[in-house]
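All chains should be modelled from the sequences, with the hints used to inform the complete structure.
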Amino acid sequence: MSVTILAKREFSKREVTAAQEAPGKTWGRTAGSWVHDLCALRKVITLCPLCTHKFNPGRLGYRKEKEFPFVQAKCDGCDTFDVKCSAYFFEATYHEVRSTAADRRATKTAHRKLLAKSM
Amino acid sequence: MEFAYLLGGGTPTIKKYKMAAGHAAGIIVLVPAADATGLTTSTTTGMVDAVGLTLDAILSQGAPVAYSTTQGAVEHLQSVIINSDAVFKALLVGSAANAVLETRTVGTASSNGLTVVGTTGDTDPSSPDMDEGTVWYASGSNGGASRKITSTTTTLTVTVIVPFSANRIGDKYHTADYTPGTEGVTLSTNLQNVRGEIAATTGRMSCIDLNLNGAGNSSLELILTDHIWSGSALS
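From first to last, the protein sequence lines are chains F and S. Going by our numbering, the first sequence opens with residue 1, and the numbers climb by one from there. Going by our numbering, the second sequence opens with residue 1001, and the numbers climb by one from there.
The hints are simulated quantities; they were obtained by calculation from the structure and are not laboratory data. Since this is a predicted model, take the numbers as computed values, not measurements. Wrong hints could be hidden among the right ones.
To be verified - Using 20 Å as the maximum straight-line C-alpha spacing, the simulated DMTMM-like pairs for lysine to aspartate or glutamate come out as follows: (1) F:K8 with S:D1035; (2) F:K113 with F:D103; (3) F:K74 with S:D1124; (4) S:K1018 with F:E15; (5) S:K1018 with F:E21; (6) S:K1148 with S:E1102; (7) S:K1018 with F:D103; (8) F:K25 with S:E1102; (9) S:K1018 with F:D79; (10) F:K13 with S:D1209; (11) F:K74 with F:E15; (12) F:K25 with F:D37; (13) F:K64 with F:D37; (14) F:K108 with F:E96; (15) F:K108 with S:D1035; (16) F:K74 with F:E21; (17) F:K108 with S:E1221.
What the hints assert, rightly or not - Covered, in the sense of this in silico footprint (three residues per stretch, anywhere, with C-beta under 8 Å from a C-beta of chain S), are these stretches of chain F: (18) 4–18; (19) 72–80.
In this text, a Cβ means the ideal position worked out from N, Cα and C, and glycines have one as well.
Here it is in structure tokens:
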């Protein structure tokens, strides 16, 4: 009589975490509808060079990340991982997670003016 | 907390992950806890096995979307920047509720610039201990200058080795228990800022640089020291 040994696989924390990546749009769904749903939820939108020209960020209250011209991400339009994706942040949440060089310069300038007054 | 830059330069990597709850934008998320539905939030001092920083919140038309396990409800996804060498900029605040950092006032002038002595009513710089942290002036002839603190005493005194210029009574200054290399932060209750009024503790982030301005706009540049995709051992 044969004996079958069942060895339960122990998944590592890294494997469990990697499995949490969102699969993207469901089969049969159009890219435009999926991206607009993400926009309604104010998610970061990442689009590959072939899809990015189809997206109008200004009309939807989004801004393109320009300090980093590219990000590595899965394209929300065609579900392809691309190392030259563009990232679009919702305007109202941009300053919670990013700042521009102009913002940082303005902070420094304001502080320098305060220091000059206190001399 | 903001994503500032990558230590090694290059392009950041952004992934959309399933979440175990609705997290705010700009907080650190961790590997999924047992039986959780996705990435879990850090705590004020708990950042073990971190994955990265959330880049968006769960909002729909301006209103928060409740995390839901109801059949048919949308799955909660949030974008996370996952580079293990990502540097984050966090505002230095003076309380768990994000009050501004304490502004101390020079009460006894120091002609040799080797000490900075506060005024009665200022918080004792030796408790919470600011030793090995940084002191910087926000007004007076030393305005904008900073030094590493080498000792503190209960007499409202912080001592430095490289002297400041002579100060005068009434000059304003700040202290924080951080210098480049200091590990161990305590975040404010909203998990977005670093508490500068208390001593460095156990939160697994290390200070890379300090942006020293005034009470409400000074910040730290931090890197995660227990990131799941780095070489660190998983706990």
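Okay, the hints, checked on the actual structure:
no.	hint	verdict
1	F:K8 with S:D1035	holds (17 Å)
2	F:K113 with F:D103	holds (16 Å)
3	F:K74 with S:D1124	violated (51 Å)
4	S:K1018 with F:E15	holds (14 Å)
5	S:K1018 with F:E21	holds (6 Å)
6	S:K1148 with S:E1102	holds (18 Å)
7	S:K1018 with F:D103	violated (32 Å)
8	F:K25 with S:E1102	violated (49 Å)
9	S:K1018 with F:D79	holds (16 Å)
10	F:K13 with S:D1209	violated (31 Å)
11	F:K74 with F:E15	holds (18 Å)
12	F:K25 with F:D37	holds (10 Å)
13	F:K64 with F:D37	holds (18 Å)
14	F:K108 with F:E96	holds (19 Å)
15	F:K108 with S:D1035	violated (46 Å)
16	F:K74 with F:E21	holds (10 Å)
17	F:K108 with S:E1221	holds (16 Å)
18	4–18	holds (count 5)
19	72–80	holds (count 3)
Violated hints, listed in ascending order, are 3, 7, 8, 10, 15; each of the other numbered hints is respected by the structure.
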